[in-house]
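Chemist: Each chain is listed here by its residues.
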Amino acid sequence: MAVKVLIPTPLQKFTGDQAAIECEGSTIAEMLDALDRSFPGIKGRLCNDDGSLRRFINFYVNSEDIRFLDGANTPLSSGDEVSIVPAVAGG
Amino acid sequence: MTQTLAPSCSRSTAAMFTGLKCKECGAEYEAKAVHVCELCFGPLEVVYDYEALRQTVTRESIEKGPNSIWRYRQFLPVETDNPIDVGTGMTPLLQANRLARRLGLKRLYIKNDAVNMPTLSFKDRVVSVALTRARELGFSTVSCASTGNLANSTAAIAAHAGLDCCVFIPADLEAGKVLGTLIYAPTVMAVQGNYDQVNRLCSEVANTHGWGFVNINLRPYYSEGSKTLGYEVIEQLGWELPDHIVAPLASGSLFTKIHKGFQEFVKVGLVEEKAVRFSGAQAEGCSPIAQAFREGRDFITPVKPNTIAKSIAIGNPADGVYAVEIANKTNGNIESVNDQEIVEGIKLLAETEGVFTETAGGTTIATLKKLVEAGKINPDETTVVYITGNGLKTQEAVQGYIGEPLTIEPKLDAFERALERAQTLDRLEWQQVLV
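Residue numbers (my numbering), protein chains in the order written: chain A, 1 to 91; chain B, 1 to 435.
Derived from the structure by calculation, the hints contain no laboratory data. Take the hints with a grain of salt, since some may be wrong.
One side of the interface only, derived from the structure: several residues of chain A facing chain B at Cβ under 8 Å [claimed, not checked]:
1. ILE57
2. ASP65
3. SER83
4. PRO86
For lysine-lysine, the following DSBU-like pairs were computed, each having C-alpha atoms within a straight-line distance of at most 30 Å [as the list claims (entries may be wrong)]:
5. B/LYS304 to A/LYS4
6. B/LYS267 to B/LYS64
7. A/LYS43 to B/LYS23
8. A/LYS43 to B/LYS32
9. B/LYS274 to B/LYS370
10. B/LYS329 to B/LYS274
11. B/LYS23 to B/LYS267
12. A/LYS13 to B/LYS21
Heads up, the beta-carbon is just placed ideally off N, CA and C, and yes, glycines get one too.
Just chain B, same shape as in the assembly (with noise of 0.2 Å):
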């Protein structure tokens, strides 16, 4: 039942996939509009054409390239020189002193997500690569399953590049995610459940309806931007791998493509081989694959979410074996943190380093600190921290824990009285004084 690979035809010349090959079993596919393998329902992979990579792609030519992620475009499934570039990628990497300091941390970097382009979340890249490739494919409406930065993300490149949109998201979403997506003015279903019933449901739609949803039928395409999130960090460090690397955990699907960003890297002569460590992050109140690290399973036992950490609040989490598999062979970590936690860490990251992540940055930032206390990160490795998502979309994980502002009268004595007592006084008491 094996589709037969067609040949090339009106690719471009730097195009370097060859097809698409299932995780699983190894079945081979042609790169259209397909996810799971039809044998063994596998997840399909993208593949590559790695002699001719070698040969093509120096660092010098991929510096030259935009400051974007398409400078590493022979990486990515698309075949046009023309794809959708809304300057999206090359964010900063951060030497987190500061914070490393209050941790007992040497060489700590923030891979700074918080301000990608144009929505503010990683899911800017894959999003990027999905509506290139649903263009080349031929769909006139994209669609996608999300807990609200990917529907903030397809919404607002499926405008920039003049494609029909229809999001799904569960209906319980923090305001400014639904707000963020309404503007680009898509269609928006806010389906009365979590978000895995919300993809249950977007499964359904995709089996009746000819639409392209970016995370089920482009998922081979679209999960593959993520690896550029693993290709920026080691030209950023300079051409080199770290030793260690923490990211939050939702699918699973961010923390596979970073190592397979590395590995590929590796594999075309890029950069040095090293061993790097893969940790992962989840919230307690959803964190199916923490339990199954934790358990040393090979399966995943899925859960009901119940967090503030909504955007990864994934309970049957489609590539949790892989990370778990990840996570076990570079002798990384996945650990959990509770809802307090999580706020702490969005609190720690702003104060020390001036970044406002979301709640998955603050569960990775408490899983960074957790994983520091217990021993199981050496304070000299060179340890990056993905963040992910930024803090201005989820305001109300934080309402109530970060003081007021001191109000006063537009008079100097009562700012000098105000400054006297903010100097004295816990900044958290100041919240029921009138000044």
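Just chain A, same shape as in the assembly (with noise of 0.2 Å):
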């Protein structure tokens, strides 16, 4: 089951500059998961010491925010893309 997953420009160094990843994960959190296994660390800079997600960083799926959705445990189908945005101010 693999997803798209966009990633921001200050991650970009973890993915060896590459601006999207194809990655295995039923869910925000597996996709997460499976994303530490390929580039270690870069969960790290995502989440919180306990897992949770930090406050600054947007996750969408399909364009949509997964606050909208079910959170962390949003699932994810074959297909979906995963866009990781850091919050950015603007009007």
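With the hints as a guide, bring the two chains together.
Modeler: What follows is the structure in structure tokens.
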């Protein structure tokens, strides 16, 4: 069950400068574990020590913020696109 | 993984910033085009040498500077002696006596960025700083995700500076804001989605294109421009702090930077310290910060915007947690008002002070009124309300609520009849009456 994960610039040094990664996982949490197996240390940047997602990071599944879905338990299906985006200002 | 600070090179002697620092974990970074901490993803803030500022900047040196935001250049993150100066800033601080009397306040001021230059919103401040820094960092293309005002400003100032420009906006923006961007001939992407979706897309574009996004990879520099709204109010009040400010909240950045501006002037001895209360205004249809404040939370739960106040319709506000923090620690408030109240707010400001603001300003005035009625603003406080945008850009919002002209034949008796009826009939009734 492969999903496509878009990697933000500050984390691309973990992925050898790749901006998009194919990854396994049936939920966001599982995807993060799989991502960390391929690129050790990357999960620690995205999650707090207790495993919760850091507050200045946004995760989107097919353009929808996972906070409108099921958070870290949001299910993933093959072909889904997961975008990891740091918070930005604007208006 | 923290970058080490590089020794400054080719920097003007007046540059007083030394690098960037994570607001959350304190990690330090070089002053490049980066906006989030690699370690914890916290936002990066510009760091200044306040001791050097204290020794070199005086009230007199500021007063002798240009009549624009660049009179505060040493407090802004640019190295050049020749920033992009399109006359931005030094907008009027109006003593709003008629509005004050209507609301029952004694000392009320309007900081009127509805007439900021060149594109009639406070965004010209942040963009002037961002594009000056973009040029220093070697960008030839600049970009932004925008609810309208930022697009206007980025396109205009990029045109002036000769930079290529590509802006991203939600597809359903007000006509005036779209036209007010297109006229400067940038590439405009109208994205079929709300602002938060536009922002996400832009973050993805920023990952793959080497552009200077003013509100993404240039954000630490960009957001510093809003501090000038704090500096100017201090200077225009005769080098004094107000007691209370009321400002609109979208991402929360403006609010936190006004606070930073006030603190910096205290820190370097330009103004005497005083407690200033910070109150924020949101539209009910997009009020994630007001909700967090009300519920005493230290995190923001995003919402899907549904309000006429499109310029502040950010459902996932990046600096929301800091705005809540400031309102709490200054004994201020964060309130929300509905769309009807927003329209009434726009009309109230226009009718009492002759200032035509857009929906964000209507939100702020309506919130001011609500706070006064709830006894949350002391009538004796010197209160400053920030009006950040111009009503001519969001005419759709008030169409149908402001009556129609009295159409008459070009004859004196037609005028006399019309005048008599106008004086006796409620103005709104005239919309349907053929004179």
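Chemist: Hint by hint, say whether it matches the structure.
Modeler: Hints, one by one, checked against the model:
Hint status for A/ILE57: holds, given a least beta-carbon distance of 5 Å to chain B, under 8 Å. Of the supplied interface hints, the one on A/ASP65 holds, with its beta-carbon coming within about 6 Å of a beta-carbon of chain B, less than 8 Å. For A/SER83, the suggested interface contact is upheld, since its CB lies about 6 Å from the closest CB of chain B, less than 8 Å. Interface hint status for A/PRO86: upheld, as the beta-carbon distance to the closest one in chain B is roughly 4 Å, under 8 Å.
Pair hint B/LYS304 plus A/LYS4 holds up; C-alpha atoms about 25 Å apart against a cutoff of 30 Å. Simply put, B/LYS267 and B/LYS64 have alpha-carbon atoms about 21 Å apart, close enough for the 30 Å limit, and the pair holds. Restraint check for A/LYS43 and B/LYS23: the C-alpha separation of about 21 Å stays at or below 30 Å, so the hint holds. Simply put, A/LYS43 and B/LYS32 have alpha-carbon atoms about 25 Å apart, close enough for the 30 Å limit, and the pair holds.
A threshold of 30 Å between alpha carbons decides the hint, and for B/LYS274 with B/LYS370 the separation of about 25 Å falls inside it, so the pair holds. Between the alpha carbons of B/LYS329 and B/LYS274 the distance comes to roughly 14 Å, so the proposed pair stays at or under 30 Å and holds. Straight-line distance between C-alpha atoms of B/LYS23 and B/LYS267 comes to about 18 Å, which keeps the hinted pair within the 30 Å bound. A hinted pair counts as satisfied when its Cα atoms are at most 30 Å apart, and A/LYS13 with B/LYS21 qualifies at roughly 20 Å.
No hint from the list above goes unmet by this structure.
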